[in-house]
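Throw the hints in and build the complete structure from the sequences for me.
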Amino acid sequence: MKKLLLGDFAVARGAWEAGVKVAAAYPGTPSTEITEELARYNEVYSEWSPNEKVALEVGIGASIRGARTIVSMKHVGLNVACDPLFTASYTGVNGGLVIAVADDPSVFSSQNEQDTRLTAVSAQVPVLEPSDSQEAKDFAMLAFEMSEKYDTPVILRVTTRVAHSQSLVELGERREEAVKAYEKNIAKYVMMPANARVKHVVVEERMKKMSDDANTLPINRIEAGSKELGIICSGGVYQYVKEALPEASVLKLGMVYPLPYDMIAKFAASVKRCVVAEELAPHLENLIKAHGIQVEGKNLFPLCGEFSANLIREKILGEKKEAVPASVPARPPVLCAGCPHRGVFYTLSKLKLNVLGDIGCYTLGAVPPLGSMDAVVCMGASIGMAIGFDKADPDSHKKTVAVIGDSTFIHSGITGLVDAVYNKAKITVIILDNRTTGMTGHQNHPATGKTIKNEPTYELNLEDVCRAVGVKDVVTVNPGNLSETEQAVKNALANEDVSVIIAKKPCVLLTKKLYNGFHVNENCKKCKACLKLGCPAIVNGKDGITIDVSLCTECGLCQSVCKFNAIEGEAK
Amino acid sequence: MDILIVGVGGQGTLLASRVLGKYALDKGYDVKLSEVHGMAQRGGSVMTYVRIGEKIASPLIDEGCADFILAFEKLEALRYAHYLKKGGEILYSTQEIMPMPVVTGAAEYPQGIENRLHGTGIDALSLALKAGNSKAANSVMLGALCKKLNFDREVFEAALIASIPQKTIEMNKEAFELGFAAV
Chain Z
1 MKKLLLGDFA VARGAWEAGV KVAAAYPGTP STEITEELAR YNEVYSEWSP
51 NEKVALEVGI GASIRGARTI VSMKHVGLNV ACDPLFTASY TGVNGGLVIA
101 VADDPSVFSS QNEQDTRLTA VSAQVPVLEP SDSQEAKDFA MLAFEMSEKY
151 DTPVILRVTT RVAHSQSLVE LGERREEAVK AYEKNIAKYV MMPANARVKH
201 VVVEERMKKM SDDANTLPIN RIEAGSKELG IICSGGVYQY VKEALPEASV
251 LKLGMVYPLP YDMIAKFAAS VKRCVVAEEL APHLENLIKA HGIQVEGKNL
301 FPLCGEFSAN LIREKILGEK KEAVPASVPA RPPVLCAGCP HRGVFYTLSK
351 LKLNVLGDIG CYTLGAVPPL GSMDAVVCMG ASIGMAIGFD KADPDSHKKT
401 VAVIGDSTFI HSGITGLVDA VYNKAKITVI ILDNRTTGMT GHQNHPATGK
451 TIKNEPTYEL NLEDVCRAVG VKDVVTVNPG NLSETEQAVK NALANEDVSV
501 IIAKKPCVLL TKKLYNGFHV NENCKKCKAC LKLGCPAIVN GKDGITIDVS
551 LCTECGLCQS VCKFNAIEGE AK
Chain E
1 MDILIVGVGG QGTLLASRVL GKYALDKGYD VKLSEVHGMA QRGGSVMTYV
51 RIGEKIASPL IDEGCADFIL AFEKLEALRY AHYLKKGGEI LYSTQEIMPM
101 PVVTGAAEYP QGIENRLHGT GIDALSLALK AGNSKAANSV MLGALCKKLN
151 FDREVFEAAL IASIPQKTIE MNKEAFELGF AAV
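Protein chains in written order, with our numbering: chain Z, 1 to 572; chain E, 1 to 183.
Some clues are possibly wrong.
[To be verified] Pairs of lysine to aspartate or glutamate, DMTMM-like flavour, derived with a Cα cap of 20 Å:
{"no.": "1", "chain 1": "E", "residue 1": "K148", "chain 2": "E", "residue 2": "D67"}
{"no.": "2", "chain 1": "Z", "residue 1": "K3", "chain 2": "E", "residue 2": "E108"}
{"no.": "3", "chain 1": "Z", "residue 1": "K532", "chain 2": "E", "residue 2": "E108"}
{"no.": "4", "chain 1": "E", "residue 1": "K55", "chain 2": "Z", "residue 2": "E247"}
These are calculated hints, taken from the structure and not from any lab test.
Below, the structure written as structure tokens:
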């Protein structure tokens, strides 16, 4: 039976059909749906881990104990998981261990555009890269086999256009894989220096063997065409090449590390002009050139952004489509109408504070008119950066706050808070507790009290966590109440110690209500105070200030900033 | 048939593309859809690609290559109009949603967009409100698209019904009918 499947769902399906028993992940666009889908299968234990490092450690344990295991994350999540990854490469596996990593060329929903293939080279871990949903399923299954055959974790790399595209997939049945017997093996699993030295040699031999075997690996294939032009490509780029250059010879690499050098040399020799087409880093190109094979690549193609069929035509054939976009105002993403974070950012903007931010929807607090975000780097960084501000300028705490989401705080903010107390920093931390992992589409986390399967579990109490690490000043406020929020921030800034404010209100998208929307009445003096909220439902049009009822969620924040009672409606 | 669906994050472009995908599948075609989730969904400009045919390679539609654009908002229709191929057509909602640079006064919402688009505009928001709620606007647009592209209405409407919550079926059916009749 064929089904239209999202690439991520196809990865999940492949893992399920391959008999996966354990799945762990931290949500991250565009990888989230892999584990959401796996959670629907009763045969698979699945979890949202607090972060990617823990997820991979759970995966390594499950693999050593003998279960086929998949761990999923986005590219920057792999950075968090690098510590276990680099040594799991040495220990190898017992049950197959597949790490699905989703890269984001063109940075649709990330903080950078890094290339997972480069991390894999450093870690000496093989990488498979599917080009559509069918391959996402097939390669996921193959990845488990290769993991066990070569005794290595295998990275299954997808990009946004594979992860979040849907195409047809032939579904199969699940093949149950019994949990393998566990045998204590200190030389294999205990990575102390004497063992690690031995294992490093094994790793290098493994990668050499995989490279040799890759020459006959069926997912690396030559599609013979014109002798004039040969393209080496993989993943989503393969589809653009087939679209743009149907006549060309193509070497499609299903495994992008390690490489089949004999096959590549043969292919390059068979065509007059050989070009590597790859998004982001010149990974294939550099390895191929280092092997003494002449190819073109980044002399033609950009290092940044995703490719398209048009781009391939333009760079290879010199054909450029003349399509001129109209000059129109940009439409950047914004905090939703009714977003509970708005009250906090309005307050921070009003008080003109330095705001050290973090990763989540609330990064959008940087967008004008709120514009209240000074630096955003990575998950959990807000608290460490605030400590840095304090240590560089002892007066900065009077005008500086760190803001971090509930899920992000658990991911990697807690250790920062431990540091703040331990090293006597004077900082204010605002935990934006919207009771979910918002940006990635509402996943549970340890403080929601529900597992990935929505089963009740212990609900981590954020106030208790903060007090337990030694923070004395912890308060919880409703960010929908502007005066309460402002007073709490002022109190915290005046405190010569660590203060934590938990701004607690559920994400507006969690309640699937239908709203009628507010209305502006004749009392409106056009003072524009409400526009400072940066609410997308408030329109400053030809006919004065109006409210777009299709967007308004009746949160009432505009009513609290209006001095003229000009906004009608009952706040929810 | 290459169809680009554009709008403002949260308007339901994902639902529309999934309905089209299901329809194509039910009709026995190869189909590829491409979407963007996450940051781009938070009220930003969004585009979803739907490619239907005998055998589809790339899931993306390039500039100058779309047969048809379905736009849920007027400014977004104009933003992506250059994706149309020569002779391509655009079906757009006349709804205006102000982008933040317009709200803050840094930019103006362009005037006379209707005169710059080759296609048909319908007041999907009013029709949706008539059907019961503004959220039904995407069903209005899908009804209009079904008529415009001469799709098999029975199969297409079934694909829509299979993609929405049970309790909103009646409202969406009415919205679909209003959209179908509007073009």
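Structure-based check of each hint:
For a cut-off of 20 Å, the pair hint linking K148 (chain E) to D67 (chain E) stands: about 12 Å separates their Cα positions. Taking the CA atoms of K3 (chain Z) and E108 (chain E), the gap is about 45 Å. The hint is violated against a cut of 20 Å. A distance of roughly 17 Å separates the Cα atoms of K532 (chain Z) and E108 (chain E); the hinted pair therefore holds under the 20 Å criterion. For a cut-off of 20 Å, the pair hint linking K55 (chain E) to E247 (chain Z) stands: about 16 Å separates their Cα positions.
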